[in-house]
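Colleague: What follows is the residue order along each chain.
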Amino acid sequence: MNRTKRTANRRFKLFTAATILALAALVQAQSLMADITAAQIIKQANLASFYAGEDGRSDARMIIVDNKDNKQMRQFVILRKDLEEGGDQNFLVVFSRPSDVKDTVFLVHKKVAADDDRWLYLPALDLEKRISASDNRTSFVGSDFYYEDVSGRNPEADSHQLLKQDDTLYYLKSTPKLAGSVEFAYYTMQIDKRSFLPLLIEYFDDSDTPIRRVEVVEVTEVQGHPTVLKSKVSNLKTGGYTLLEFRRPAYDLGMDDSVFTVRALRNPPKNWLSAK
Amino acid sequence: MKTWVLFLSLCFVAVVAAQSTDEQGSTTDEWGDDWVVDTSPWSQSGFFELAWGERISDDVLFSDQTTLGEMRWQQNIDYGHEKFDFKWSHDIWFDDVDGHLLFDLRELNFKFSLFDQTDVVLGRQITTWGTGDLLFINDQFPKDWVSFFSGRDDNYLKAPADALRLTSYFKAFNVDLVITPTAEPDRFINGERFALFAPFVQSNVGGFEVVNPRNPSQTEYALRVFKNINGHQFALYGYHGIEKSPTGVDNMMQPYFPKMNAWGASYQSTLGKGLFNIEVGYHDALDDQAGSNPLVANSQWRVLMGYERELIKKLNWGVQYYVEHTEHHERLLAHSLFPLTEPDKNRQVITNRFTYMAKQDKLTWSMFVFYSPSDEDSYWRPSVNYRHNDQWQYTVGAQVFTGKNKHTFFAQFEDASNLYTRIRFQF
Chain A
13 MNRTKRTANR
23 RFKLFTAATI
33 LALAALVQAQ
43 SLMADITAAQ
53 IIKQANLASF
63 YAGEDGRSDA
73 RMIIVDNKDN
83 KQMRQFVILR
93 KDLEEGGDQN
103 FLVVFSRPSD
113 VKDTVFLVHK
123 KVAADDDRWL
133 YLPALDLEKR
143 ISASDNRTSF
153 VGSDFYYEDV
163 SGRNPEADSH
173 QLLKQDDTLY
183 YLKSTPKLAG
193 SVEFAYYTMQ
203 IDKRSFLPLL
213 IEYFDDSDTP
223 IRRVEVVEVT
233 EVQGHPTVLK
243 SKVSNLKTGG
253 YTLLEFRRPA
263 YDLGMDDSVF
273 TVRALRNPPK
283 NWLSAK
Chain F
60 MKTWVLFLSL
70 CFVAVVAAQS
80 TDEQGSTTDE
90 WGDDWVVDTS
100 PWSQSGFFEL
110 AWGERISDDV
120 LFSDQTTLGE
130 MRWQQNIDYG
140 HEKFDFKWSH
150 DIWFDDVDGH
160 LLFDLRELNF
170 KFSLFDQTDV
180 VLGRQITTWG
190 TGDLLFINDQ
200 FPKDWVSFFS
210 GRDDNYLKAP
220 ADALRLTSYF
230 KAFNVDLVIT
240 PTAEPDRFIN
250 GERFALFAPF
260 VQSNVGGFEV
270 VNPRNPSQTE
280 YALRVFKNIN
290 GHQFALYGYH
300 GIEKSPTGVD
310 NMMQPYFPKM
320 NAWGASYQST
330 LGKGLFNIEV
340 GYHDALDDQA
350 GSNPLVANSQ
360 WRVLMGYERE
370 LIKKLNWGVQ
380 YYVEHTEHHE
390 RLLAHSLFPL
400 TEPDKNRQVI
410 TNRFTYMAKQ
420 DKLTWSMFVF
430 YSPSDEDSYW
440 RPSVNYRHND
450 QWQYTVGAQV
460 FTGKNKHTFF
470 AQFEDASNLY
480 TRIRFQF
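Read top to bottom, the protein sequences are chains A and F.
Throughout, the working numbering is defined as the position within the first sequence, counted from one, plus 12.
Throughout, the working numbering is defined as the position within the second sequence, counted from one, plus 59.
None of these hints come from the bench; they were simulated from the model.
All figures in this text were calculated on a predicted structure; none of them were measured in a lab.
Glycine included, each C-beta is placed from N, C-alpha and C at the ideal position.
A couple of the hints might just be wrong.
Said to hold, decoys possible - Pair by pair, the computed Cβ-Cβ distance ranges are: (1) A/Ala169 with F/Tyr453: 33 to 43 Å; (2) A/Asp127 with F/Trp451: 45 to 55 Å; (3) F/Leu330 with A/Glu96: 19 to 29 Å; (4) A/Leu137 with F/His159: 24 to 34 Å; (5) A/Arg149 with F/His159: 45 to 55 Å; (6) A/Asn166 with F/Leu164: 42 to 52 Å.
Said to hold, decoys possible - Straight-line C-alpha distance at most 30 Å; calculated DSSO-like pairs for lysine-lysine: (7) A/Lys189 with F/Lys463; (8) F/Lys463 with A/Lys141; (9) A/Lys123 with A/Lys282; (10) A/Lys242 with F/Lys373; (11) F/Lys404 with F/Lys463; (12) A/Lys176 with A/Lys282.
All chains, please: the whole structure from these sequences, using the hints.
Modeller: See below:
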């Protein structure tokens with residue numbers, strides 16, 4: 013009897029202790045959530061947007077629409093491998109359409125701390141062309157997307173401010189550290205709390221007028237990674253826009269480093285292009 | 060002739076019509092459900108092009124001042140298999156300057172890999188290597204100077220050859236070997252479309268096939284050993300074959316392609332915000348190593364240095380300095396029949412390229428200038444290209460040669476200066 017009582021007593025104590033611990037953890041977690049800094053959100057968003065898995069591939073298609081409703085199309089496969097989580101990466105982009113860019117290959121060794129190494133292969137001339145690092149805020153293959161939209165903007169380039177948050181979204185404002193180095197004065201982001209994907213990015217000029225908008229249209233989960241399937245970028249100054257759609261995305265395929273060497277320019281790796 | 064023009068016109072109309080029907084059927088949904096999933100191993104592409112070019116001022120050696128007049132059809136057919144790729148590419152065009160229907164097989168080759176580390180291309184193919192921009196030291200693969208001077212698309216500068224190419228990738232370095240069983244010379248300026256300076260008469264000759272050399276029968280071997288170390292690209296080159304233009308005259312007084320070896324090296328890397336490259340080569344004139352035969356070009360050292368970068372958003376600039384140093388130059392002059400019109404001991408060329416892209420890369424302004432301070436001549440290549448959409452492209456441009464003397468490399472083509480325009484429909 014006595015023994016039972018003691019056991020019960022002990023159990024009660026254990027239970028209480030556990031509860032207190034759990035509560036403490038919860039409170040701490042909540043305060044952590046509240047205290048999450050803009051820098052942490054940006055870091056997570058950068059990883060979610062550009063570093064899902066160790067490597068990845070996807071079919072991609074762009075529809076470029078100008079203000080007169082003229083349409084152009086770009087179809088390509090994009091391969092990526094991370095050398096360091098959140099750090100340097102390699103990209104290989106192999107175009108299939110339209111016919112003047114068919115079999116054109118673009119290889120990028122992206123470096124966070126230095127300028128990228130870039131190569132372009134033009135099949136009609138068998139020309140392997142080293143290309144100089146260009147302004148990253150210029151059109152990617154004639155679309156409204158910039159190079160930076162495709163391969164990521166260095167989080168260190170801007171100072172970030174968490175404006176507010178609600179149940180589902182973080183609202184941030186980011187201002188370039190080097191004013192005048194880019195075409196915008198600042199940009200705002202709405203980042204999904206669960207996936208950390210930026211669902212809406214708007215760029216503003218000095219007079220607080222939005223000049224450019226990048227929006228996510230469709231997201232799905234692929235191998236546990238929330239993945240953007242459709243996005244749209246609008247040039248609010250010209251009225252033109254570009255739709256970017258991904259198909260058959262896959263991660264952690266075990267791509268070898270050799271996929272991202274100059275050999276791939278003339279002989280792109282078939283097994284990763286066809287997504288089997 | 061007229062039948063062929065009619066036939067090509069009909070093909071053109073048929074393809075354009077088919078393409079427009081395609082477009083109409085695919086614009087129902089903004090995102091389109093017309094994403095073509097490539098299930099067939101076959102794919103095709105090509106274009107039709109109309110091109111016209113005229114001399115800026117008359118060349119009295121030619122009765123017709125048209126330098127480019129053609130209706131062209133290019134067709135590419137690819138077959139992709141797990142183990143190999145097959146590629147076919149041809150051009151058929153009615154050439155108004157030539158007055159004939161012409162055919163050019165640009166590619167007919169199989170590409171496959173061996174032992175995991177070697178890529179093989181077997182058949183008719185186009186090959187390019189080296190670091191120069193429109194200047195070639197170690198690239199001894201055939202070039203089409205007639206197309207280049209007449210304002211055809213830049214892609215036509217490279218001509219095809221029947222060859223075997225083996226490229227092996229190793230940990231330590233990579234090796235590229237191209238064997239061309241029967242040497243394929245350049246499509247050089249021979250007087251038919253553009254006149255050239257003839258030392259024997261000390262003036263320009265043209266309006267007919269002035270240079271009709273003996274066909275070469277040698278085998279060409281071209282080797283490149285290359286390595287990329289963190290963006291620093293090193294290469295060594297070797298070549299055994301022929302001078303690609305008929306720079307020799309034999310005992311029968313017939314022009315021919317003298318035997319030649321070439322050795323060289325190159326380096327390319329980023330420098331500041333741009334790219335730097337240096338390339339050097341030694342052209343060993345096997346038929347005249349002493350440099351005393353006035354009928355065969357002497358050995359030469361060739362060096363080039365280049366730098367390119369983006370100046371402002373979408374404006375790219377490239378500059379190159381290039382020297383051709385002729386060996387035994389004194390001996391050349393001593394034995395020459397025409398010492399006054401022999402090339403300079405150190406022929407120097409400076410090139411500048413400006414490319415500006417506007418309207419979301421649809422509009423490309425380009426200017427490429429060769430200027431030789433030693434020859435005091437120059438060659439200007441301005442052009443504007445407008446890519447209206449994925450189907451239609453328009454180009455206008457010019458080739459302008461100027462010079463102080465009649466005999467120097469660019470100056471001899473002064474009367475070949477021309478304006479051209481091209482309209483292309485691609486599918």
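Colleague: Each hint: holds or not?
Modeller: Results of checking the hints against the structure:
With their beta carbons about 39 Å apart, A/Ala169 and F/Tyr453 fall inside the hinted range of 33 to 43 Å. At about 35 Å, the CB distance of A/Asp127 to F/Trp451 disagrees with the hint of 45 to 55 Å. Between F/Leu330 and A/Glu96 the C-beta distance comes to about 25 Å, which sits within the given range of 19 to 29 Å. For the hinted restraint 24 to 34 Å between A/Leu137 and F/His159, the CB-CB distance of approximately 26 Å keeps it satisfied.
Distance hint check for A/Arg149 and F/His159: the Cβ-Cβ separation is about 50 Å, which falls inside the suggested range of 45 to 55 Å. Range check, A/Asn166 to F/Leu164: about 48 Å between beta-carbon atoms, so the 42 to 52 Å window is met. Annotation: proposed proximity of A/Lys189 to F/Lys463 is violated, straight-line Cα distance about 54 Å (limit 30 Å). A threshold of 30 Å between alpha carbons decides the hint, and for F/Lys463 with A/Lys141 the separation of about 35 Å lies outside it, so the pair is violated.
With a CA separation close to 26 Å, the supplied pair A/Lys123 and A/Lys282 stays within the 30 Å bound. The suggested pairing of A/Lys242 with F/Lys373 holds, with an alpha-carbon distance near 28 Å, which does not exceed 30 Å. As the CA atoms of F/Lys404 and F/Lys463 are separated by approximately 18 Å, the hinted pair is consistent with the 30 Å bound. About 46 Å separates the Cα atoms of A/Lys176 and A/Lys282, which puts this hinted pair outside 30 Å; it is violated.
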